[in-house]
Amino acid sequence: MTLDEYLQQEAAIRPNVHWHDGVLWKQSAAGCAQPQYPLQVISPGSARPAPRRSWIRYSHLIPGPGAGGAVRTRLLLQGDRLRDYSMELLDGTRRKAIRKAVRAGCRIEPIPDLEPHRDDLLEIYASNADRNLHGLPGQWYRDHPEEWWSHLRRETSLAGREWTGAFLDGRLVAFSYACLVDHTLHLLVTKCHTDHLNSRPVDLLGFEVIRGGRKRPECRRIDVGWSIPVPPSIDWRKISLGFEPVELPVFVHANPLAMGLIRGVLFAAGPLLKLGPKDANRGLLFKARTIRKRLESLSEDA
Numbered sequence: 074m075t076l077d078e079y080l081q082q083e084a085a086i087r088p089n090v091h092w093h094d095g096v097l098w099k100q101s102a103a104g105c106a107q108p109q110y111p112l113q114v115i116s117p118g119s120a121r122p123a124p125r126r127s128w129i130r131y132s133h134l135i136p137g138p139g140a141g142g143a144v145r146t147r148l149l150l151q152g153d154r155l156r157d158y159s160m161e162l163l164d165g166t167r168r169k170a171i172r173k174a175v176r177a178g179c180r181i182e183p184i185p186d187l188e189p190h191r192d193d194l195l196e197i198y199a200s201n202a203d204r205n206l207h208g209l210p211g212q213w214y215r216d217h218p219e220e221w222w223s224h225l226r227r228e229t230s231l232a233g234r235e236w237t238g239a240f241l242d243g244r245l246v247a248f249s250y251a252c253l254v255d256h257t258l259h260l261l262v263t264k265c266h267t268d269h270l271n272s273r274p275v276d277l278l279g280f281e282v283i284r285g286g287r288k289r290p291e292c293r294r295i296d297v298g299w300s301i302p303v304p305p306s307i308d309w310r311k312i313s314l315g316f317e318p319v320e321l322p323v324f325v326h327a328n329p330l331a332m333g334l335i336r337g338v339l340f341a342a343g344p345l346l347k348l349g350p351k352d353a354n355r356g357l358l359f360k361a362r363t364i365r366k367r368l369e370s371l372s373e374d375a
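Position in the sequence shown counted from 1, then plus 73, gives you our numbering.
Simulated from the structure, these hints should not be mistaken for lab results. These figures come from a predicted structure and were not determined experimentally. Hints are all accurate, no fakes.
The calculated lysine-lysine pairs, modelled on DSBU-like cross-linking and capped at a C-alpha distance of 35 Å, are: (1) Lys173 x Lys264; (2) Lys99 x Lys288; (3) Lys264 x Lys288; (4) Lys288 x Lys169; (5) Lys288 x Lys173; (6) Lys264 x Lys169; (7) Lys264 x Lys99.
Generate coordinates for the entire structure from the input sequences, incorporating the hints supplied.
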């Protein structure tokens with residue numbers, strides 16, 4: 074789909090987005106905004122979000138290096154690496170994991186309709202929440218299946234969205250959700266049922282989705298999101314599947330008064346943000362990581 078088509082879809086379904094200066098912006102945090110399409114390149118000064126929604130900070134990608142040389146790192150697969158993508162490009166650990174999934178009988182297939190797999194999907198979402206301890210608790214999905222399903226069905230109603238599943242013994246145990254926008258295939262969501270992690274369906278699923286993208290003449294690169302180097306991180310897994318960190322120039326506008334407050338909060342929250350694996354569960358570590366990255370990025374860019 075084109076970028077315009079993608080943005081029209083997103084504007085109709087996403088909360089906390091708004092149009093301003095011809096760009097669809099999203100609230101990345103209170104008082105902060107960035108384009109809803111993360112790879113949208115905007116010349117500095119040509120567009121900005123509504124001031125009342127970006128009173129702390131806003132940022133966007135730019136055509137070339139900007140003031141201060143600010144960059145953000147995106148994990149991409151493109152050029153020769155995409156054209157020549159194969160098992161040989163992967164590290165030994167990932168190749169072994171993919172072969173293990175094949176030996177376990179894992180099958181990768183497109184999912185044209187999610188309805189027949191509703192129960193399996195619910196358990197995938199719930200087990201992910203139980204395992205990662207981030208976002209809604211796993212029991213919420215089990216207690217509110219209709220509400221969860223209505224949100225998921227709304228997502229599947231969007232044209233040009235692609236769902237691919239990993240199946241073991243006839244059951245859906247993992248899935249990938251992607252969309253192709255202006256020659257870039259975005260891998261948006263991947264989830265796996267905790268009980269089947271050891272069979273390594275996610276490794277085979279990721280490999281096959283990437284191979285499928287490589288075969289499409291309209292696909293020139295594959296995107297798997299921003300790099301998150303602060304633990305706990307899954308950057309290593311994405312890189313082991315062939316993705317490379319690519320630094321992209323970014324324009325950042327920040328409110329200096331708000332930055333002073335943020336630096337104070339960052340200092341006061343130091344003990345929480347320094348928690349290690351022995352001091353907190355995975356969910357708390359994830360929250361601490363998110364807080365620290367947001368505050369530090371705001372502070373550094375100011």
